[in-house]
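Protein chains: 2
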Amino acid sequence: MDQPDPPPFFRAHVFVCCNRRPDGHKRGSCAARGSEALRDYMKARAKELGLKGVRVNQAGCLDRCEFGPTLVIYPEGVWYQVRTREEVDEVLEAHLVKGGRVPRLMLTETHVA
Amino acid sequence: MDQPDPPPFFRAHVFVCCNRRPDGHKRGSCAARGSEALRDYMKARAKELGLKGVRVNQAGCLDRCEFGPTLVIYPEGVWYQVRTREEVDEVLEAHLVKGGRVPRLMLTETHVA
Chain P
1 MDQPDPPPFF RAHVFVCCNR RPDGHKRGSC AARGSEALRD YMKARAKELG LKGVRVNQAG
61 CLDRCEFGPT LVIYPEGVWY QVRTREEVDE VLEAHLVKGG RVPRLMLTET HVA
Chain E
1 MDQPDPPPFF RAHVFVCCNR RPDGHKRGSC AARGSEALRD YMKARAKELG LKGVRVNQAG
61 CLDRCEFGPT LVIYPEGVWY QVRTREEVDE VLEAHLVKGG RVPRLMLTET HVA
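The listed protein sequences correspond, in order, to chains P and E.
As numbered in this note's numbering, residues 1 to 113 make up the first sequence, in order.
As numbered in this note's numbering, residues 1 to 113 make up the second sequence, in order.
Simulated from the structure, these hints should not be mistaken for laboratory data.
Here the structure is a predicted model, which is why all the values come from computation and not from measurement.
Check the hints yourself; a few may be wrong.
Identical chains share a label here; the pair holds if one copy fits it or two copies do between them.
[Claimed, not checked] Okay, derived cross-link-like pairs now, DMTMM-like style, lysine to aspartate or glutamate, Cα gap no bigger than 20 angstroms in a straight line: (1) K47 with D5; (2) K98 with D23; (3) K26 with D2; (4) K52 with E109; (5) K52 with E36; (6) K98 with E66; (7) K47 with D89; (8) K26 with E48; (9) K47 with D2; (10) K26 with E87.
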């Protein structure tokens, strides 16, 4: 019988798309929409909140550019569009602190380019 | 009652650590161990294999530098150390094509710095 997978290394692993395309590209890009500063803010706030087992990383193109800035939280695989620091705070508080969701900011299967 | 989460956007979402620290840093870094070329190779091979619903992304520091080059596959949250193209091929074939594991290359809870 196969061994079970090791326990999760992070309770919540957040990937913020920081891909940048040239100005004027038809799909745009998350970095062109300000994702790098939002990633920095999210990392700093997660640290200030003392969230254990939570890691916030930048990532290459997550391929949902049209709805950026985008992030995805694993293992649950929940995607958000966050455009402001206030929206980052909402995701931190509702999802990462309380384990809930922010439905208003979530990407769904209807968000396809 | 809460809505269920949307269906997964990717069947398997691979993040390859491409963080680079200065030469001589005591933890080293995945990029200094060759992760960028391995990421490029994995992306290209995944495409050649026609793997549907699989995305290979670069990521910032995944914080398991000592065991790099590292990658993690979500939603299952399984981590691997891959040092060569042949090891990337093993992960592609066993894990991403067949849905199994490559225990020899997996990081476990004993892999802590």
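K47 and D5: within-copy, between-copy, both or neither at 20 angstroms Cα: neither (28 angstroms within a copy, 26 angstroms between copies)
Alpha-carbon proximity context of K98 and E66, limit 20 angstroms: neither (28 angstroms within a copy, 32 angstroms between copies)
Alpha-carbon proximity context of K47 and D89, limit 20 angstroms: The answer is within: 13 angstroms in one copy meets 20 angstroms, while 36 angstroms across copies does not.
20 angstroms Cα threshold - placement of D2 relative to K47: neither (37 angstroms within a copy, 28 angstroms between copies)
K26 and E87: within-copy, between-copy, both or neither at 20 angstroms Cα: Answer is neither; intra-copy 25 angstroms and inter-copy 37 angstroms both fail.
20 angstroms Cα threshold - placement of E36 relative to K52: neither (23 angstroms within a copy, 29 angstroms between copies)
Intra- versus inter-subunit Cα pairing at 20 angstroms for K26 with E48: neither (37 angstroms within a copy, 26 angstroms between copies)
Identical-chain pair category, K98 with D23, by Cα at 20 angstroms: Close neither inside one copy (38 angstroms) nor across copies (40 angstroms); limit 20 angstroms.
Intra/inter-copy verdict for K26 and D2 if alpha-carbon distance must be at most 20 angstroms: Answer is neither: 47 angstroms inside a copy and 36 angstroms across each miss the 20 angstroms cutoff.
Homo-oligomer pair classification [E109, K52; C-alpha up to 20 angstroms]: Between copies only: 16 angstroms across chains, 30 angstroms inside a chain, cut-off 20 angstroms.
The structure fails hints 1, 2, 3, 5, 6, 8, 9 and 10 (numbered hints given earlier, in ascending order).
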